[in-house]
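In case you want the letters, here they are:
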Amino acid sequence: MTEPPRTLLDKIWDRHVVHRHSGGMDLLYIDRHFTHEGSHHAYGKLKALGRAVRRPDLTFGIADHYVPTTGRDRPIADPAIAAMVERLRANTAANHVRLFDLGDPHQGIVHVVGPELGITLPGLTIVCGDSHTATHGAFGALAFGIGASEVAHVLATQTLWQARPKTLRITVDGALQPAVTAKDLILNLVGTIGTAGATGHVIEYAGTAIRSLSAEGRMTICNMSIEAGARAGMVAPDETTIAYVRGRPMAPEGAAFERAAEDWLDLASDRDAVFDREVSLEAAMVAPSVTWGTSPQEVVPITGAVPQAADRKTLDYMGLSPGQRLEGLPVDRVFLGSCTNARIEDLRAAAAIVAGRRVAVPMLISPGSTAVKRQAEREGLARLFTAAGAEWRESGCSLCVGMNGDLVPAGDRCASTTNRNFRGRQGPGARTHLMSPAMAPAAAVTGRLTDVRTLPLSPLPDGMVA
Amino acid sequence: MREPLTTHTGRAVGLPIANIDTDQLIPARFMSTPREEGYARFLLHDMRRGEGGDLREDFPLNQPAARGADTLVTADNLGCGSSREAAVYALADSGFRVLIAPSFGDIFYANALKNGVLPIRLPEAVVTTLLDRLARAPGQTVTVDVPDQTVRLPGGAVHRFEIDGFRKAMLVAGQDELSLTLSLEADISAFEAANRPRPDGAVRR
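Protein chains in written order, with numbering that gives the first Met the number 0: chain A, 0 to 465; chain B, 0 to 204.
FYI, nobody ran anything at the bench for these hints, they're computed from the structure.
Even for Gly, the Cβ is constructed at its ideal location relative to N, Cα and C.
Any given hint might turn out to be false.
Label pairs and their in silico Cβ distance ranges [what the hints assert, rightly or not]:
id, chain 1, residue 1, chain 2, residue 2, range
1, A, E281, B, E123, 51 to 59 Å
2, A, A174, B, G173, 51 to 59 Å
3, B, R48, A, H95, 42 to 50 Å
4, B, G51, A, K312, 15 to 23 Å
5, A, D56, B, G155, 52 to 60 Å
6, B, Q174, A, D275, 47 to 55 Å
7, A, R258, B, R40, 54 to 62 Å
8, B, T8, A, T69, 49 to 57 Å
9, A, D331, B, T8, 25 to 33 Å
Build the full structure now, drawing on both the sequences and the hints.
Printed below as a string of structure tokens:
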């Protein structure tokens, strides 16, 4: 008798079951656990229980959510923020957990740093008290966000009780048109299936358009799976995955890597594997897109308009009216950053737009990690951004979540490469338009929402790649 | 251990709004607050208050009939968005024990149960009728029977709801998952011995 065909999710799941409960839940072993300043509730629970972290070697601390993006050479000015970072230091030190602190060359946004260092590897179970943990699924890992009680549970036991989610395969075939990015693709997917469209499911992204994406592009897609309600997003490991992982500081080396790589390639869903649901999309149909509302599903092509039937309260908040065209809408500021779109590829795409131009409105750039920042400086991108008048900051979650003091003033309209346009997300009363790392700088140089396809590219200085 | 939730009768208040995300349930700027200080005052902070920070009279949760309500009914996709358990702290500290909606964000759903708050999924049409009823007369009674997996709505209609056996058992016993897991230490150690999870990933399972 042959084994029934299994999905990528099944294969990873089955390898991690520690105990099966009669009530339908499995106790899963967790291979990697990332904590950050916001994990203070969980460390507090652990302490109250009188327990220590069970596997400090599989647990990591990263300062990202609350860290300032300026003045890293000085003590943190805001006492509440300083206390959050200090608490993370104390909690990780007391538990012998490695911390990527301010000043560490590997500091950055957890979902950028994990893959960068090879802490994230295919086939692993990865959790973090942050919903964008789905990002790591780009490498064929099962990665998902958890709440503070679950963080405490993982700290204490290195395991988690989970019901096996349903599976949704999203197949994207064909080629993306020029100037259309992974961000436009995922915004369109969220717009198509809705913010509750994948609730209770793990998405596996498949198809030729997904295969053609870089590891960075796949991270952008998986990152926003949660915006479609999914528990996680995944892409089966392939040669792109292996090329990205090879040589990362914490990845296996030599023969061990070759053995691991062979194993990772076997994780792909079996040919006849059955998914609970299937959705497909033609890559060629996707245009550069922007959100108009306060939910990521409220998205249209840049050439489109606010729907006639749009919710009145949403439009009041956003300062828009039904039928209003998006292209040409004046913006007050631009943010390039976040775990969705602040990797080197994103900065290169933005630099290609900004090159030889000046920003018309304030533009804040927070690279995804300190390593990305250094690389962008080496490649000359940083100089190009500052020459254009953009603010080149340190790495952190910054204006994506507005916890570190970087805020959009009430009523201001911000073109943003982030993942959520919820009311107040970038500050009370802030109006957020989500878009790609090519579209956001286009808005910066014109001061208006702009179809990036209408902006001629300036040639980059010699030796620079974009 | 926490207080078991078996049968529960409480007064319900409705918010006929879809996609109430976690940033609405509690804006990020309040989340550095120590848990002991209580999170009730942060619940739906920016929705409930006018620009000066005063409670808006026209908001359902601020009306006299909502006082003492411990069952919250909303439209689709309650708690979508971030993993912040603080969204549940704000609800629990405000006295809410039962949440009713057509669907919930997955992480929020799990977080609620971990705090003894029961999220109940009911069909959209049932919730819409319930919201209409609560709009006309807030504070009507809802009774939940967890072992039976039923909820009795104002007007007397009884609906069955789904909850997995594991979480139901935890809720009814007032048990937390951690005590159960700690009793499975031998299984965890055996898994580690067999699979040797290591931070450098140099493991073929």
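Right, here's what the structure says about each hint:
1. A/E281 x B/E123: 51 to 59 Å: violated (30 Å)
2. A/A174 x B/G173: 51 to 59 Å: holds (56 Å)
3. B/R48 x A/H95: 42 to 50 Å: holds (43 Å)
4. B/G51 x A/K312: 15 to 23 Å: holds (20 Å)
5. A/D56 x B/G155: 52 to 60 Å: holds (57 Å)
6. B/Q174 x A/D275: 47 to 55 Å: Given about 30 Å between the Cβ atoms, the range is violated.
7. A/R258 x B/R40: 54 to 62 Å: Since the Cβ atoms of A/R258 and B/R40 sit about 55 Å apart, the hinted range of 54 to 62 Å holds.
8. B/T8 x A/T69: 49 to 57 Å: For B/T8 and A/T69 the Cβ distance comes to about 54 Å; the hint holds.
9. A/D331 x B/T8: 25 to 33 Å: About 51 Å separates the Cβ atoms of A/D331 and B/T8, which means 25 to 33 Å is violated.
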